[in-house]
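Visitor: Chains as they are written, first to last, in my numbering: chain A, 1 to 164; chain B, 1 to 336; chain C, 1 to 450.
Think of the hints as simulated: they come from the structure by calculation, not from any bench. Each residue gets a CB set at the ideal place from its N, CA and C atoms; glycine is no exception. Among these hints, one or two may not hold up.
Below, simulated DSBU-like cross-link-like pairs (lysine-lysine); rule was C-alpha separation at most 30 Å, straight line [said to hold, decoys possible]:
id : chain 1 : residue 1 : chain 2 : residue 2
1  : B       : Lys323    : C       : Lys124
2  : C       : Lys407    : B       : Lys331
3  : B       : Lys331    : C       : Lys383
4  : C       : Lys268    : B       : Lys323
5  : B       : Lys135    : B       : Lys154
6  : C       : Lys383    : C       : Lys268
7  : C       : Lys268    : C       : Lys124
8  : C       : Lys124    : A       : Lys20
9  : B       : Lys323    : C       : Lys383
10 : C       : Lys268    : C       : Lys297
11 : C       : Lys268    : B       : Lys331
12 : C       : Lys268    : C       : Lys379
13 : C       : Lys297    : C       : Lys407
14 : B       : Lys169    : C       : Lys407
Reference listing, derived: stretches of chain C covered by chain B, where coverage requires no fewer than 3 residues with Cβ under 8 Å from a Cβ of chain B [to be verified]:
id : segment
15 : 10-17
16 : 151-161
17 : 165-173
18 : 186-196
19 : 237-245
20 : 305-315
21 : 361-369
Given next are the chains, with one letter for each unit.
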Amino acid sequence: MASTIVAFELGGREVEVMVKPMTTLQSALRDQLGFTATKEGCRQGGCGSCTVLVNDEPMLSCLLPVEDVAGQRVTTLESLTPTQGLHPLQQAFLDANAFQCGYCTPGMTMLAQALLDHNPAPDRGDITQALTGNICRCTGYGPIVRAIEVAAQAMHAGEEGQPR
Amino acid sequence: MARLRGTGIAAVNYPTGMNLGGDPSQALIHATTSGSFVVSLSATDLGQGLKTVIGQIAAETLGVEFGEIVIDTADTDTGPHDMGTFASRATHRVGNAVIAAATEARQALLEVAAEELEAAVDDLEGDGHGNLLVKGVPTRSVRIAEIASMAQFKYGRTIAGRGAYMKPKSLVDPETGAMDPDSTEAHACTVAEVEVDTETGVVTVLSIRSAYEVGRQVNPALVQGQIAGGAWMGMSHALYETTAPYYPAVDHSPRDFSEYLMPGPLEMPEIECVVLEMPSSNGPYGVKGIGEMTANSPIPAIANAIYHATGVRFDDLPITPEKILRGLDAKRSGPS
Amino acid sequence: MSPDLNVVGNSVGRSDGIGHVTGRTRYTADRSFPGMLHLKMVRSPLHHARIRGIDLSAAERVPGFVRALTARDVPHNCYTILGLIGVEPEEEFVLAEDRVRFKGEAIVAIVAETEAAALEAVSKVQLDLEELPAVFDVEEALEPGAPIVTHWGNNTFMFEGHPCRRVRLGDVEQAFQQADYIVEGVYNTSPIEHAPLETTGCIAVPEANGRYTVYTNTQALYFSLDNTAIILQVPGSQLHFVGGTVGGGFGGKVDVIVEPIATLAAMKTNRPVRYTYSRAEEMQVSSTRSAWRIYVKDGVTRDGHIIARKVTSYADSGAYSRQTPYALTKHAANAAGPYAIPNVAIDAYCVYTNRQPTSAMRGFGVTMASFALEVQMDKIAEKVGADPWTIRFINAYHDGDMKPHRKLVEDATLIETMQAAATRVGHELPDVFRSMTSAPRDAGHDGGRS
Chain A
1 MASTIVAFEL GGREVEVMVK PMTTLQSALR DQLGFTATKE GCRQGGCGSC
51 TVLVNDEPML SCLLPVEDVA GQRVTTLESL TPTQGLHPLQ QAFLDANAFQ
101 CGYCTPGMTM LAQALLDHNP APDRGDITQA LTGNICRCTG YGPIVRAIEV
151 AAQAMHAGEE GQPR
Chain B
1 MARLRGTGIA AVNYPTGMNL GGDPSQALIH ATTSGSFVVS LSATDLGQGL
51 KTVIGQIAAE TLGVEFGEIV IDTADTDTGP HDMGTFASRA THRVGNAVIA
101 AATEARQALL EVAAEELEAA VDDLEGDGHG NLLVKGVPTR SVRIAEIASM
151 AQFKYGRTIA GRGAYMKPKS LVDPETGAMD PDSTEAHACT VAEVEVDTET
201 GVVTVLSIRS AYEVGRQVNP ALVQGQIAGG AWMGMSHALY ETTAPYYPAV
251 DHSPRDFSEY LMPGPLEMPE IECVVLEMPS SNGPYGVKGI GEMTANSPIP
301 AIANAIYHAT GVRFDDLPIT PEKILRGLDA KRSGPS
Chain C
1 MSPDLNVVGN SVGRSDGIGH VTGRTRYTAD RSFPGMLHLK MVRSPLHHAR
51 IRGIDLSAAE RVPGFVRALT ARDVPHNCYT ILGLIGVEPE EEFVLAEDRV
101 RFKGEAIVAI VAETEAAALE AVSKVQLDLE ELPAVFDVEE ALEPGAPIVT
151 HWGNNTFMFE GHPCRRVRLG DVEQAFQQAD YIVEGVYNTS PIEHAPLETT
201 GCIAVPEANG RYTVYTNTQA LYFSLDNTAI ILQVPGSQLH FVGGTVGGGF
251 GGKVDVIVEP IATLAAMKTN RPVRYTYSRA EEMQVSSTRS AWRIYVKDGV
301 TRDGHIIARK VTSYADSGAY SRQTPYALTK HAANAAGPYA IPNVAIDAYC
351 VYTNRQPTSA MRGFGVTMAS FALEVQMDKI AEKVGADPWT IRFINAYHDG
401 DMKPHRKLVE DATLIETMQA AATRVGHELP DVFRSMTSAP RDAGHDGGRS
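In isolation and in its complexed conformation, chain A is listed as follows (with noise of 0.2 Å):
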């Protein structure tokens, strides 16, 4: 079958993919722009190791065609770091060791990034029901859970300008 081009906006540029019909977004992303913080855990849907935002909502980058992003604001973890140092979400995953292999963290922090953008002050209930999709295999999601709860206050008294 022919490849078609689809254009969509990857970290507020906009790039340009060449694929064949049915090639996900989390391959066009990995296998072609070289953006492979999105990692590949299952290309089933069943990890969330590949979450991405789309719109800034939070997508199964496995199941999504890229043809469905044409248009589209996609941000993966690569545009979610700021030029100089962390943005807080990442700097509170460093602090609390919310991570062992690292492998579900980009997946977990652009699900954070989403769940922070609709609710800036989630309680603990609000964390983990938002992270039920995503699988770590090593740290018993606690230090996750308390990364989120840190960045989210980080995050919020940064908004309102004091100090943190």
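Since the structure of chain A is already known, use the hints to place chains B and C on it.
Guide: Here is chains B and C on its own, set in the frame of chain A:
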């Protein structure tokens, strides 16, 4: 129908190192011109933080700051032999090899410093923060970084060290099983609290509280990480995980995470621990090993808590809601 | 933290932490090379079968097909991973020869330009298989007349002439006679998948100097390199293994399954070759933790002292033993638990069945022993009318006690951890246990240890 609560305990030992020994690890260390030290290994970091704790052990032995250590590992062209990361061996084996390499490198460093300071090697000591001092003469000191640079450009010497560690292989007497299997043993005791829903058979783990004795903790935060992650894995093994739910039947074999069950963040209990340190005689700075054992004691503690709650023994893992309901039915219908 | 230490004992931040939180850490799966081919495996659909024929003709016509590899292409096709530490016999086939012993066993490797082409070619390979009777239970496999899984004629791994790893101390049968109570239990555990988030995989790359660089997520680089050299019959100097960051291991990545065949494919095609398990392969083909069946029989005195313990354990190694014989010895060394028991008999069997092979997993050989023994301890407590803490304190080993394998206990701290746990949960221990230590018994009740 009711929600029944119960508490269970378990106490365990866990051996450090490849069983029977014979599992070498090696390390090479050299100083750069700027006074950082490159530690070359072929040991692999699985996410437990091996590179970090090995860097700490190297920094401690060399007497420099942690930030001065570069861990270069997992390349067979540059790293000397290592048996691998398994059997709770890496911190113990690689750590001991690194201490040996760092001790040799430090001796080379002291020899250059002695020449530069016009003092005897034995009269030098480190402050643990990157300086060498002449004992009793605080004014005569020099930065290790300066010595490293001078070694190369003024004296034309290497600051380097080699290290290896191996527990010699023990043979097993095939009749009696007499053997020397391990280097040291860590211990743990876990108390688990559960609630069993007799309507659904679902077991909710309320808390997993443990005491661990792990020799020396090189990095307490990473030890806590192992304990928390292991408690989750133990709970998962006890109640959820199987690739053969009806062993020995071979059907219902899972293909993906929708068919292979593990607890998620909503199921997580309260996890607490206290860590005791009673240094081992042969581990680096008294290390034992914490990597594997953390999933062990939670499993029987949960099983015992379920018995305490229900009065029914479940001796087959995982203890699924189906088994709970069948067990409760049998208790109700059978002679007690 | 000890006052004489500066760095050891500090919770310094992880040196790889920034890489992990920014997604810059490079896992094997994140690498790609120009001209890279993809390897996918034709696998047995049956649990046990004789291979009568393999027809590759339709697969070879799939656009993008590059080549197929069968057992004949593998220089040293029958190997055993623990051969490196002297374990015999060689037993596992890199690619199946005349027989498949488990559902999912590798038969033909297909190398193609794309993953999709490789999968399509895999689906076109025609296998002519004659199904054989299969055995799936550790004890059924030991019965006379059971289907034989191995190529040497019985279903147990042989430990220096014995069908099990034996440990003997004292005389259990005599002690059972003297015991006031006999407490028996049988414990079954399930096979468990490691489920690392990054599946097992590697990429083998031909280099300009005639060597091969293999990027792999193995837990043991030299184990993989040395076994690959044996299987491919090439000098180790021709191989360069690079790893270092593993997206979850838990023991499953100590096996050497993907590297030899990917490297062979790179040699045959002179192109980089990627071989990575799908999630379904990781669950259904890669090693699991063994299923165990553990029988425990304890002789106990009226006051709760265990005077005899007999343990008979069966680990289901599946079709190939991989690291499992090692686990049985480790299991036997620990199957009496952290307790001082004067009479012990342990028989630990490594049993072959037609299941997915099993291998190392976190707590290898000990995790399931701990489950069986610690449930057993509670049963003993109930039998003698003691509480679960008491039964453990009075039987706990001390430094200087002799273990069943005849090594004297050192670094014992079971008693101290139980005291700390009791304190943590607010359980009040009697004075006699609060003041107990793991010090050698002849050092006095509470002496010897500060």
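Visitor: Now tell me, hint by hint, if it's right for this structure.
Guide: Against the structure, the hints come out as follows:
1. Taken as a hint, the Lys323(B) and Lys124(C) pair is broken in the structure, with Cα atoms around 42 Å apart against an allowance of 30 Å.
2. For the hint linking Lys407(C) to Lys331(B), the alpha-carbon distance of about 44 Å lies beyond 30 Å, and the restraint is violated.
3. A distance of roughly 19 Å separates the Cα atoms of Lys331(B) and Lys383(C); the hinted pair therefore holds under the 30 Å criterion.
4. Taking the CA atoms of Lys268(C) and Lys323(B), the gap is near 52 Å; set against the 30 Å cutoff, the hint is violated.
5. Between the alpha carbons of Lys135(B) and Lys154(B) the distance comes to roughly 24 Å, so the proposed pair stays at or under 30 Å and holds.
6. With a C-alpha separation of about 66 Å, the suggested pairing of Lys383(C) with Lys268(C) is violated against the 30 Å cut-off.
7. With a CA separation close to 22 Å, the supplied pair Lys268(C) and Lys124(C) stays within the 30 Å bound.
8. About 22 Å separates the Cα atoms of Lys124(C) and Lys20(A), which keeps this hinted pair within 30 Å; it holds.
9. Distance hint between Lys323(B) and Lys383(C) is fulfilled; the C-alpha atoms sit about 24 Å from each other, no more than 30 Å.
10. The hinted pair formed by Lys268(C) and Lys297(C) fails the criterion: a straight-line CA distance of about 56 Å is larger than 30 Å.
11. With a C-alpha separation of about 63 Å, the suggested pair Lys268(C) and Lys331(B) falls outside the 30 Å cut-off, and the hint is violated.
12. Using a Cα cut-off of 30 Å, the hinted pair Lys268(C) and Lys379(C) is violated, with the two alpha carbons roughly 60 Å apart.
13. For the given pair, Lys297(C) sits about 23 Å from Lys407(C) by alpha-carbon distance, which is consistent with the 30 Å threshold.
14. Of the supplied pair hints, the one linking Lys169(B) and Lys407(C) holds, its CA atoms being roughly 14 Å apart against a limit of 30 Å.
15. With a threshold of 8 Å between beta carbons, the proposed coverage of the segment 10-17 of chain C by chain B holds, since 7 of its residues qualify and at least three are required.
16. With 3 residues bearing a CB less than 8 Å from a CB of chain B, the segment 151-161 of chain C meets the requirement of three and the coverage assertion stands.
17. Interface restraint, the segment 165-173 of chain C with chain B: holds (5 residues with C-beta to C-beta distance below 8 Å; minimum three).
18. With 9 residues carrying a beta carbon less than 8 Å from a beta carbon of chain B, the segment 186-196 of chain C meets the three-residue requirement, and the given coverage holds.
19. Only when three residues or more bring their CB closer than 8 Å to a CB of chain B does the claim for the segment 237-245 of chain C stand; here the count is 7, and the claim holds.
20. Using a Cβ-Cβ cut-off of 8 Å, 0 residues of the segment 305-315 of chain C lie near chain B, which falls short of the minimum of three, so the contact claim is violated.
21. Three residues within the 8 Å Cβ limit are the bar, and the segment 361-369 of chain C against chain B gives 7, so the coverage statement holds.
Figure legend: structure checked against the earlier numbered hints; hints not met, in rising order: 1, 2, 4, 6, 10, 11, 12 and 20.
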